[in-house]
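Generate coordinates for the entire structure from the input sequences, incorporating the hints supplied.
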Amino acid sequence: MWETVAQAVINGLLIGGIYALVSIGVTLIFGVVKIVNFAQGEFVMIGMYISFFLATQFGIDPVISLLVTMPTLFVAGVLIQHFLIRRVLGPNDMPQIFLTFALSLLLLNLALLLFTANYRTVHTSYSDEAFHIGGLYIPVAKLIAFVVAMGLSAVLWVFLHTTDLGKAMRAAAQNRDVATLMGINPDRVFCVALGIALALAGAAGSLLMPFYSAYPLVGQVFTLMAFVAVVLGSLGNVMGALIASLMMGVAESLGIQYIGADSGLIVVFAMLLLTLAFKPTGLGGRAR
Amino acid sequence: MTHARTLLGLAVGAAVLIALPLVVKSSFAIDIFIRILLFSFIGVAWNLMGGYAKQLSLGHAAYFGLGAYTSTILQIDFNISPWIGMIAGGVVAALASLPIGWLCFRLRGPYFTIATIATAQALMLIFLKFRDFAWGAEGTTIPNLGNAPLMMQFEAKADYYYVVLGLLVLGLAITWLIERSWMGYYLVAIGEDEDAAEAIGVNAPKIKRDIYLISAFLTALAGTFYTQYIYFIDPATAFNFNISIEAALVSIVGGIGTLWGPVIGTVLLETTSALLQSWLGGSVGGVQLTVYSLILMAVILWRPTGLIGLARETWQRHVGRKAARA
Chain A
1 MWETVAQAVI NGLLIGGIYA LVSIGVTLIF GVVKIVNFAQ GEFVMIGMYI
51 SFFLATQFGI DPVISLLVTM PTLFVAGVLI QHFLIRRVLG PNDMPQIFLT
101 FALSLLLLNL ALLLFTANYR TVHTSYSDEA FHIGGLYIPV AKLIAFVVAM
151 GLSAVLWVFL HTTDLGKAMR AAAQNRDVAT LMGINPDRVF CVALGIALAL
201 AGAAGSLLMP FYSAYPLVGQ VFTLMAFVAV VLGSLGNVMG ALIASLMMGV
251 AESLGIQYIG ADSGLIVVFA MLLLTLAFKP TGLGGRAR
Chain B
1 MTHARTLLGL AVGAAVLIAL PLVVKSSFAI DIFIRILLFS FIGVAWNLMG
51 GYAKQLSLGH AAYFGLGAYT STILQIDFNI SPWIGMIAGG VVAALASLPI
101 GWLCFRLRGP YFTIATIATA QALMLIFLKF RDFAWGAEGT TIPNLGNAPL
151 MMQFEAKADY YYVVLGLLVL GLAITWLIER SWMGYYLVAI GEDEDAAEAI
201 GVNAPKIKRD IYLISAFLTA LAGTFYTQYI YFIDPATAFN FNISIEAALV
251 SIVGGIGTLW GPVIGTVLLE TTSALLQSWL GGSVGGVQLT VYSLILMAVI
301 LWRPTGLIGL ARETWQRHVG RKAARA
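Chains A and B, in that order, give the protein sequences.
Each residue of the first sequence is one higher than the last, beginning at 1 in this note's numbering.
Each residue of the second sequence is one higher than the last, beginning at 1 in this note's numbering.
To be clear, the hints were calculated from the coordinates, so they are not data collected in a lab.
Every value quoted in this text rests on a predicted model; they were computed, and no experiment measured them.
Fair warning: there could be bad hints in the mix.
[Stated by the list, open to error] With a Cα cut of at most 30 Å, we get these calculated DSBU-like pairs of lysine-lysine: (1) A/K34 - B/K206; (2) A/K279 - B/K206; (3) B/K25 - B/K157; (4) A/K34 - A/K279; (5) B/K129 - A/K279; (6) A/K167 - A/K34.
[Stated by the list, open to error] Non-contacting residues of chain B with respect to chain A, defined by C-beta distances greater than 12 Å in every case (computed): (7) N79; (8) V267; (9) W315; (10) A323.
By construction, the Cβ of each residue, glycine as well, lies at the ideal position given by its N, Cα and C atoms.
Spelled out as structure tokens, the structure:
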């Protein structure tokens with residue numbers, strides 16, 4: 001009995017690490033630039049396709065291809081901030097919401113046209129390997145993904161708290177006007193925030209590839225998960241998003257184990273709705 | 001424009017729309033007209049809340065689906081006419097909008113939008129999961145009764161055309177009345193700045209609740225109509241996210257928060273979609289939404305007031321030049 005629970009918790013935590021990479025990106029963009037990126041999941045999808053093609057064309061391991069996906073998506077993030085998002089920043093919600101929403105629709109449907117709706121998988125030497133500890137089963141690919149995801153989150157945390165640029169980003173998140181008066185260039189900080197957020201999404205894509213299929217719609221689940229995690233973990237709060245993501249991974253996994261294969265998302269939505277009903281400010285902090 | 005000219009324009013427009021199916025006999029063309037009228041109507045329903053009050057919902061598929069399922073369940077299990085089912089569906093949707101609104105209105109801006117997506121998706125999952133009362137994922141076909149106008153089934157496509165034309169006229173009339181009422185001014189005030197509106201005494205939560213209720217009711221009518229038109233229902237069609245997307249898209253592209261915006265937006269988008277379909281053949285799902293998203297981005301970046309805003313500016317420049325010459 002406790003073993004099935006423990007197994008479900010482990011599965012949940014492992015996938016929750018990936019959700020964390022995506023939600024940290026969403027919450028970082030929300031905290032610093034004050035917009036919600038509806039296309040975050042689509043950048044996970046792009047990361048997956050880059051890793052898929054590097055693996056099938058050049059035989060590069062998906063986890064190694066992180067070194068390609070992260071810089072590529074960082075540049076993409078800077079360009080998107082500079083040429084698109086910068087033009088819609090202002091008091092009006094509509095352009096901000098629907099610009100990134102249009103971007104999500106565009107990327108998803110371009111992927112559909114270019115790569116078709118087929119599922120793409122990469123089989124690595126460790127795809128079927130697993131550790132057995134007691135009665136528990138820990139797949140190697142998911143463990144690698146989890147460890148790297150937590151490592152990247154830790155690096156981001158250190159970056160935000162120790163470097164000048166990181167502190168400038170946190171300052172801009174707290175109060176944009178005062179930060180500008182202190183000599184922080186908001187445009188530069190926003191570009192870096194977008195870059196980091198998209199690089200994290202790309203990393204999530206590469207890490208997923210050894211055990212998950214790439215297809216054009218794959219990003220939508222991750223966007224939804226990230227949104228719920230970001231609301232749950234208090235908007236704009238990196239640590240909150242991380243913890244909420246792990247919780248959601250576990251909740252989803254327990255839902256699959258005890259309610260049925262397709263009920264993981266129901267559990268996640270239920271969590272969102274309960275949070276909205278009883279604690280709309282998230283697990284700590286305050287809503288906008 | 002003077003009052004008389006507006007009335008004349010409306011009369012001519014109405015005459016053309018009524019005569020259209022008598023002149024155009026191609027079933028393909030009538031199908032496109034029906035789609036244009038249907039999505040105009042859904043856009044008009046969305047625009048009441050999303051356009052005037054700027055509560056940008058991406059979850060209106062919830063009410064479309066509730067309307068579709070209510071009338072279908074009443075029809076198949078209880079043999080009640082979809083005409084009654086349509087009203088019942090509207091009432092169910094309006095009632096559902098109260099708890100959904102209670103939850104979603106706790107968040108503002110983009111997070112309101114996300115909450116509406118989540119509630120619509122959750123409803124779809126419920127209908128997928130519980131096959132006892134709503135046929136589960138397989139859905140069901142609507143029994144074909146031949147020409148049965150009392151059961152909202154017609155042999156001629158033109159008759160469906162008149163039904164949905166009636167719905168659109170209803171939606172536009174309601175919008176026109178609300179635009180001219182106190183409620184209309186309150187909605188615009190909330191859309192401009194909710195805190196400022198509340199500061200001058202607008203009861204924003206109540207106004208938002210009421211407009212959401214009206215918007216949900218109207219969207220549900222479209223759901224019933226669509227199910228009767230395609231003779232089929234399943235959770236994936238009835239709660240399709242694309243319905244939520246298109247409701248918002250047509251309004252934004254045409255002109256958000258204007259009476260005719262959703263209609264103009266739908267004409268542009270659906271005509272584009274039909275042209276793409278005839279150029280590229282059947283499988284254009286990806287192409288259609290790629291083009292829609294590019295149009296949406298272009299509008300947001302260059303003309304956030306939509307096609308109506310563009311037309312107004314061009315007209316004013318034209319009038320200005322004439323005045324300068326005189």
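| Quick check: which numbered hints come out false for this structure? | none
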